[in-house]
Amino acid sequence: MFPASFGYVAAHSVEEAVQLLTKHGEDAKLLAGGHSLIPAMKLRLASPRTLIDLATVPGLRGVRMDGNTLAIGALTVYADVASSELVQKHLPGLVDAASVIGDVQVRNRGTIGGSIAHADPGADFPVILTALNASFVLQPRSGSRTVAADDFFIDFYTTAMAANEVLTEIRVPLPMAGSGTAYVKLPHPASGYVVVSAGALITRQPSGSCALARVALGGLGSGPVRAVATETELQGKPLTPEVIAAAAARAAEETDPEGDTYASAEYKRHVAIVYTRRAIEAAVQRASAS
Amino acid sequence: MTTDHTPTGLIGASIRRVEDPVLVAGKGCYVDDIQLPGMLYLAFLRTTYPHAKIISINTNAAKAMAGVLAVVTGEDVKQLNIPVAPMVQDQKIPPHPLLARGAVHEAGVAVAAVVAQSRALAQDAAGAIEVEYEALPSVIDAEKALEPGAPLAREELNSNICYVATKKGGDVDTAFAQAEHICRMHIASPRQVALAIEPRGIVVKPEPTGDLTVWLSTQAPHRVRGDLATALGFPEHKIRVIAPDVGGGFGSKGPLYREYVLACHLALKLGRPIKWIATRSEDFVTTIQGRDQAMTSELALKKDGTILGLKVRVVANLGAYLYSSTAGPPQRMMGMAPGSYQIQNCHVEVVAVFTNTTPTGPYRGAGRPESVLNIERLIDKAAKELGLDRLAMRRKNFIRPEQFPYKTGVGVEYDSGDYEKSLAEAMRLSDYDKLIRERDAARGRGELVGVGVSTFVEPSGGAGFESGTVRVERTGEITVLTGSSSHGQGHETSYAQVIADKMHVSMDHVAIRHGDTLAIQQGVGTFGSRSMVMGGGSMTLAAERVIQKARRIAAHLVEAAPEDMMQADGGFAVAGVPEKKVTWRQIAAAAYGGRVPPGMEPGLQETVFFDPRREAWGFGAHVAMVRIDRETGKPTIEKLVLVDDCGVIINPMIVEGQVHGGVAQGLGEALREQMLFGEEGQALTGTLMNYAVMRAGDMPHLTVGETITPNPFNPLGVKGVGEAGTNGAPPAVANAMMDALAPLGIDHIDMPYTAPKLWEAIRQAERRPAARS
Numbered sequence: 001m002f003p004a005s006f007g008y009v010a011a012h013s014v015e016e017a018v019q020l021l022t023k024h025g026e027d028a029k030l031l032a033g034g035h036s037l038i039p040a041m042k043l044r045l046a047s048p049r050t051l052i053d054l055a056t057v058p059g060l061r062g063v064r065m066d067g068n069t070l071a072i073g074a075l076t077v078y079a080d081v082a083s084s085e086l087v088q089k090h091l092p093g094l095v096d097a098a099s100v101i102g103d104v105q106v107r108n109r110g111t112i113g114g115s116i117a118h119a120d121p122g123a124d125f126p127v128i129l130t131a132l133n134a135s136f137v138l139q140p141r142s143g144s145r146t147v148a149a150d151d152f153f154i155d156f157y158t159t160a161m162a163a164n165e166v167l168t169e170i171r172v173p174l175p176m177a178g179s180g181t182a183y184v185k186l187p188h189p190a191s192g193y194v195v196v197s198a199g200a201l202i203t204r205q206p207s208g209s210c211a212l213a214r215v216a217l218g219g220l221g222s223g224p225v226r227a228v229a230t231e232t233e234l235q236g237k238p239l240t241p242e243v244i245a246a247a248a249a250r251a252a253e254e255t256d257p258e259g260d261t262y263a264s265a266e267y268k269r270h271v272a273i274v275y276t277r278r279a280i281e282a283a284v285q286r287a288s289a290s
Numbered sequence: 001m002t003t004d005h006t007p008t009g010l011i012g013a014s015i016r017r018v019e020d021p022v023l024v025a026g027k028g029c030y031v032d033d034i035q036l037p038g039m040l041y042l043a044f045l046r047t048t049y050p051h052a053k054i055i056s057i058n059t060n061a062a063k064a065m066a067g068v069l070a071v072v073t074g075e076d077v078k079q080l081n082i083p084v085a086p087m088v089q090d091q092k093i094p095p096h097p098l099l100a101r102g103a104v105h106e107a108g109v110a111v112a113a114v115v116a117q118s119r120a121l122a123q124d125a126a127g128a129i130e131v132e133y134e135a136l137p138s139v140i141d142a143e144k145a146l147e148p149g150a151p152l153a154r155e156e157l158n159s160n161i162c163y164v165a166t167k168k169g170g171d172v173d174t175a176f177a178q179a180e181h182i183c184r185m186h187i188a189s190p191r192q193v194a195l196a197i198e199p200r201g202i203v204v205k206p207e208p209t210g211d212l213t214v215w216l217s218t219q220a221p222h223r224v225r226g227d228l229a230t231a232l233g234f235p236e237h238k239i240r241v242i243a244p245d246v247g248g249g250f251g252s253k254g255p256l257y258r259e260y261v262l263a264c265h266l267a268l269k270l271g272r273p274i275k276w277i278a279t280r281s282e283d284f285v286t287t288i289q290g291r292d293q294a295m296t297s298e299l300a301l302k303k304d305g306t307i308l309g310l311k312v313r314v315v316a317n318l319g320a321y322l323y324s325s326t327a328g329p330p331q332r333m334m335g336m337a338p339g340s341y342q343i344q345n346c347h348v349e350v351v352a353v354f355t356n357t358t359p360t361g362p363y364r365g366a367g368r369p370e371s372v373l374n375i376e377r378l379i380d381k382a383a384k385e386l387g388l389d390r391l392a393m394r395r396k397n398f399i400r401p402e403q404f405p406y407k408t409g410v411g412v413e414y415d416s417g418d419y420e421k422s423l424a425e426a427m428r429l430s431d432y433d434k435l436i437r438e439r440d441a442a443r444g445r446g447e448l449v450g451v452g453v454s455t456f457v458e459p460s461g462g463a464g465f466e467s468g469t470v471r472v473e474r475t476g477e478i479t480v481l482t483g484s485s486s487h488g489q490g491h492e493t494s495y496a497q498v499i500a501d502k503m504h505v506s507m508d509h510v511a512i513r514h515g516d517t518l519a520i521q522q523g524v525g526t527f528g529s530r531s532m533v534m535g536g537g538s539m540t541l542a543a544e545r546v547i548q549k550a551r552r553i554a555a556h557l558v559e560a561a562p563e564d565m566m567q568a569d570g571g572f573a574v575a576g577v578p579e580k581k582v583t584w585r586q587i588a589a590a591a592y593g594g595r596v597p598p599g600m601e602p603g604l605q606e607t608v609f610f611d612p613r614r615e616a617w618g619f620g621a622h623v624a625m626v627r628i629d630r631e632t633g634k635p636t637i638e639k640l641v642l643v644d645d646c647g648v649i650i651n652p653m654i655v656e657g658q659v660h661g662g663v664a665q666g667l668g669e670a671l672r673e674q675m676l677f678g679e680e681g682q683a684l685t686g687t688l689m690n691y692a693v694m695r696a697g698d699m700p701h702l703t704v705g706e707t708i709t710p711n712p713f714n715p716l717g718v719k720g721v722g723e724a725g726t727n728g729a730p731p732a733v734a735n736a737m738m739d740a741l742a743p744l745g746i747d748h749i750d751m752p753y754t755a756p757k758l759w760e761a762i763r764q765a766e767r768r769p770a771a772r773s
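Residue numbers (the working numbering), protein chains in the order written: chain Y, 1 to 290; chain H, 1 to 773.
It is possible that some hints are incorrect.
Okay, derived cross-link-like pairs now, DSS-like style, lysine-lysine, Cα gap no bigger than 30 angstroms in a straight line [to be verified]:
(1) 167(H) / 303(H)
(2) 23(Y) / 42(Y)
(3) 27(H) / 42(Y)
(4) 421(H) / 396(H)
(5) 396(H) / 384(H)
(6) 42(Y) / 63(H)
Hints in this document: simulated from the structure, not taken from any laboratory.
In isolation and in its complexed conformation, chain H is listed as follows (with noise of 0.2 angstroms):
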């Protein structure tokens, strides 16, 4: 693609992806678009039982059936497990079979696999199984789970809990002894379901040389690559990994499932391609799902709103099984609690909990949402409580960009931030003075209306390094190899931005390359708001070393100083004599020509693997109005404006859209997604027909802005953005609503938003006499 815009102002500009006009025009290759000779078809038979003993399983009429190749149960790959590190001290990790052996712990397990010919007879095949069950008592809600009593879910441990966890800092004892006022507060995150346009699915072949390839729609190709060669006891460096285009992952696209594992192991033991695509109503009850945590909170307050002290207990539902990233989210609260907000008085324990429900695990935001919505409620709460202006108590308490790097109460370091500057533009652009006016006037007529704000951090980057190559190909051209694969993000066209940056050239002499481990160097993935902090970082400083390298060259074929270089459009220049230019390509010859400096190595390529032990915290302020319809409870968001500071903005076009994303998921969380399951562990909101997710037609108008503090820690000076729309905007949406329900004497119903939860609330508040506004 060509643009306008000179190569070194490439960081910064809106250019649109180059990635799309492929996937829009339906060009694009996906797992499902795979297509092998001699493909084989895995289907599954799935429990609708959420616990129960597996009594028999009579198979006999699946295997009898023409084009049906295997059938396997339990016994028949008792070997093979869901491998799971510890991620917590003492924490537990019961057996995660590839197919239910004795007992179904969730709705959604396979019982039986089927091998066809094709897609549909696997299907049939799986449907003619018969299983008996002797159904078990069932565990639903983590909090229930941990009461006296409550049924086992998970009948090999002694209890449902899989770890507890603490953090402590400061001295919350002397802090809530000295407090003038304590807030207390329950809240519960609703479980929500990632929900990818492209379900789950892989393709595997195994290779005549005994190799293995697998296509797989996944968010981080080595990882699952490792975990892939563990569960099979398969050499890792004979296994190659491909992810093609991927159709959304939001987090749930991160672990190793088990069909994977089948999918390789059965295809080993046919010789055969195996293909495994999820149908939306297995992947409703499959895949990871994120959120239901429920949150128990004492803020310790002076009466002047100083915040003296934190204590937070979060009960998070994991789910029957555990993935490897299952026992992750619930970690979140441990570095997140406090917030913007200088406490450093503070206790966290997260109480961990094993549930008769699909697992849960990291999902767009993956504990931050829960977070942030914990503190900027208790703040809200607090404030009311003690009748000071919530924004007037954000400001007293917030930390001032002054103290950056900040350590908190948790012992994690923010490292850059000026809450009050993000605060302050979201104001501006909301013009939140007139809105409360609005919503005085509105309430003057009787009507439900209120605005909320919230003022949030989060973290993003981390998880250990990211790999990052640049490569000047012999005619001069670039090639970047990423270890943080795309699955929707605009990795082809933020990331050749910055390199066509750095490098003085323009963006089609950039090349992305990305989710194949035979190509691409070690690397991590893409989750957690991680691409540009750790992929864009550690492809920067690869190519500052090209850069470093290439100047010696090109010094030595003008006979110059290196120093005297300078970078110049396309390559190099001397420095006061611009037409004295050296290009790439002719660097690039040099390189690979044997004519480099003495004692230096031939070719021109770097590779770097980044870790900078630390995350980088974004900030934002969202500020929400709405209005509930008196008489039903309908909910409408009548304005939602959206700052965010990233740092550094490579691409505003991609960051607003990043946003909007999340927005669109956030507002799913607040106003009406949530998966439910009945008394007796079914899943009732299993299909797109029950279960609320907003739709483009939904969505309100976004107003977003930004501020810029640029991350002294990143070579970038960048801080993901990713997950801002699910952490900031549904507590300002909550916010908003308990504003709007202020007059009837309501101070907390927990989020989603629906009408007819509204109003039932509202019918409620309205019988008790004292509530009229």
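Isolated chain Y, as found in the complex (with noise of 0.2 angstroms):
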């Protein structure tokens, strides 16, 4: 299919981006990567009238090290998200996602910003940087400002962000020494998207007990899900794979995911409570090679 005809406007700063926003209003959308956008329009999803292309701008690019947060350019490729040796050395569990989203060509064109602003309830980032509990830079008119993970997801495709703001950076907390962070999915074996997937942030004490467990599931529901249950049945104890198990067991608690023509409710509530428990069993995992 074709998209029906829009307008092309670039960009050459945030505030340029902002002030072309409110200028158009609801009928402009703003262009990263492309890769949700770009489809959709093709099958008429969506039919913005007019485009402001990000690309145009310098600045959002790149991992970088702010004290003990790790700030990552919303235009950040997701390639590049995984080969960053710092992404790599700090959030292994963020190089996991990074890695298994789409394909190759994707992964070199798609953004972390875009996928975070687009919020697909399919989508890999807003799972484990919820994990991490990342918050999300804002910049609407003037001046920014920064929510958390646990607070941006709102709906299906529907986020904490204004009409008129810009994502401008991913911001993650250095996770404190003893800790691990891990990612595991199940694909869907047509889209690539979420079936269900899982982000464990573990931090080990040396005692071997859970000092903090942040875990986060996919597919469960219009955005990411905190497994609470399964994060307090972790605090102050031993992590040993009774423990853990019996931790992930209430995984899918207070979920109640729809099925599709691939897998059913049932299954993806099941394979929650499984891929919760590789996820946390791989972040300890990590947290004791650390």
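Dock chain to chain to rebuild the complex, using the hints, since each chain is given by itself in its own frame.
Structure, rendered in structure tokens:
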């Protein structure tokens, strides 16, 4: 199919992008990597009148250390997230996620900011970034504000971003010493999107017990879902296989996923439990190795 | 291209495909690459209702749009239909209009068409057409369509049955009366989408002379031209069909489609060239789909595993409308039911059924995969029920090498075979005994690991004749015209190998031409693993005639006896006097220059229409080892060994490529692909976002082997191989999956074996107390 006809304008600064957004209002969409937006336009699921291209905005790419925080530019493509030495060193769970999104072409075009702002329920970054307690820097007309991942994803394709805000940066606090992170995913065999996924951040005390657990799940709701019961269950307990399994068994509590042509709701809940366990196990293993 | 191979060693050489550099450099010419001055674009408004009455169509807004030249509905072209010849006695052939008239019978049918100055405009205008429907009850599943009270898919008919065909051999009743055991099975093949990488498309140009030139993404230019002439009521000899580079077809690009006839009709009416290229979404729901057959079987056995008789009933889903090839695939069972086994008492019934779904038709294998799946699963199931070794049971019932040519219980004569040999080779290559030991060890650890085998036969060639012309040009270079037109198979390479080998020249002396009805004598096309069998066969016979004539001319030139002229590198030489040589160039100069022996016609060209009046029966043995994650149901193919026997091999690399491609589509069927329609008949898997076609990264490692049993009824000794992967691999995987699940007491699941489906079966089995491993 062909998209409905649309206008195109390149922004050269975040301020200009915000101005253009304000000017065109609801008829405009920001274009980052275009790997969600363009297909939606070709299927005419989206018909924006104007595309505001961010590719021409400098300074939104790359990964840098900012104190105890890893700051990732919103236009950093998945492949660059996965190959970043900083990310590999501090957040292997984020590498897990960035490496399994789409295919090589998608990973070389799709951007982390685009994925976050689009908030597709089948996306990977929202899940792992929720587990990692990331926050997102939004730039409205003046100044900027930061929203935590936990508060950012509202519903299907709906976020806490205002219509005239631009997402500029993803900020991930460095996990404490003794932490491990991991992400495991059951991809849909056709789309490669998440059927079910689990991201985990586990901090292990020298004694071997769990100091902190953050676990987020994908595929079970309109966006990432925190596995609160699992997190609570792990808190302060020794990270033995039995404890992990028992905690993971509670991962799908209070979730109500929808079945589809590929997987039933029951299957999704079951896999959520299995993958939660596997993600925690992998995170614990990395915590032990670090 | 030049090669290190001596000309006469070309048959059997793995020569790189000469057509590839152009294609991989993006310099090919597909239908969408054709640009003509003044060209208009066609687009369709398609229904999403599987079955509905059309109450009204409002085209006013579309007609009013600037740049729109025509908007037509079914009533405007009511005189035009898709012509379909009956394949079976008493076959029902309901009307197949180009655009829906009065009612729609499948989601995807076009209700209106627009011709406009640009593709986007045509699509916008189609979107501006308003249609009011009244939904009618629909039926999607073929077996349900046979139940009393089922909705009628085609309200013009009084039942959903298109045809019933039967084949009987031997004495089935006595066989079943004498049986010590009867194995019963119901198995269904999932519906698959052909998904050629190039969607269907046409460019049509009305010529000032009154001729019609048509560029078409087709597998069968001549056949389609005949059908197009019939459909349009336009003289066939004034139509030129060109199949330029064609990006795959897998059987789906055989027939004449509605859009093609309409494009030609509108181009003639408007006097302008028209282009239509299917979008991927359109291609999904309008191009014939494959499989979707359910088989119910009974196998009569002695306790020692001897097969006494077989009954099979096929219920085949044809979809809502018939294309020329739609009724064909289900009939395959009538020739293939016994497989590689001696089963003389055989009864096959095929019930072909209309439903409110996309029409089906040939798709890589075209009834063969269903037939192979049926008998190979049945043998495994029977062996298990009798407590026999499944390989021993196969061997006990194999048709033996000395029995060929062998007439089966369904009246088909197999040409040649050695099924034990290919099974032995597959066991050797797979290290079968080791696989079994590994499986048993894994089973001991509670893991779900299984090994499966299929030992199958597959007919190839057939479908009437194929034509080949071999022409030695004035300079001695050779042009070959073949009616078998390529859509990715490597014709330009393998055919050139054959002719260069036979005529003792290098491959760059031979040009293979195909895919243009103006250049090529009448032909049939490329499908059903027929190219080398039929196309190769016909050109080989033509080459032999050219060589005979050339030998006499050469003899005449050197004043020797024809029987003393031997073929030599680049021409002929006098026997025993190798320096007394006549080149093809010299022979051609004589042939066109009036220096032929007295009484001989000038020229050096021969055409052969080849029809061996039998198919070529290839065979093979495939071995699969699978592992199923007990926790999630996720299956992994751990080993896949494919031994195929396609007789003499012309180009081993191309054969291996054909096996790989077939296996990819076969594994798609076995593991993940299925076209699904919702309760209301809407396509649920009509995009690449939810239809899980196999991709390169999803492929397991393949081990490909071969045995060679020449075909005594073919000039080259060849059999087809293009469908070996889709025929043999899925049953091997199916048998391996069921072997893996056997400890849980699971004895049957239909393909595709997706993780959620396997998990559900495992969970239910684990809940049964007796089934713990």
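We went through each hint and held it up to the structure:
no.	hint	result
1	167(H) / 303(H)	27 angstroms, holds
2	23(Y) / 42(Y)	25 angstroms, holds
3	27(H) / 42(Y)	26 angstroms, holds
4	421(H) / 396(H)	14 angstroms, holds
5	396(H) / 384(H)	15 angstroms, holds
6	42(Y) / 63(H)	24 angstroms, holds
Violation of the numbered hints given earlier is absent; every hint is satisfied by the structure.
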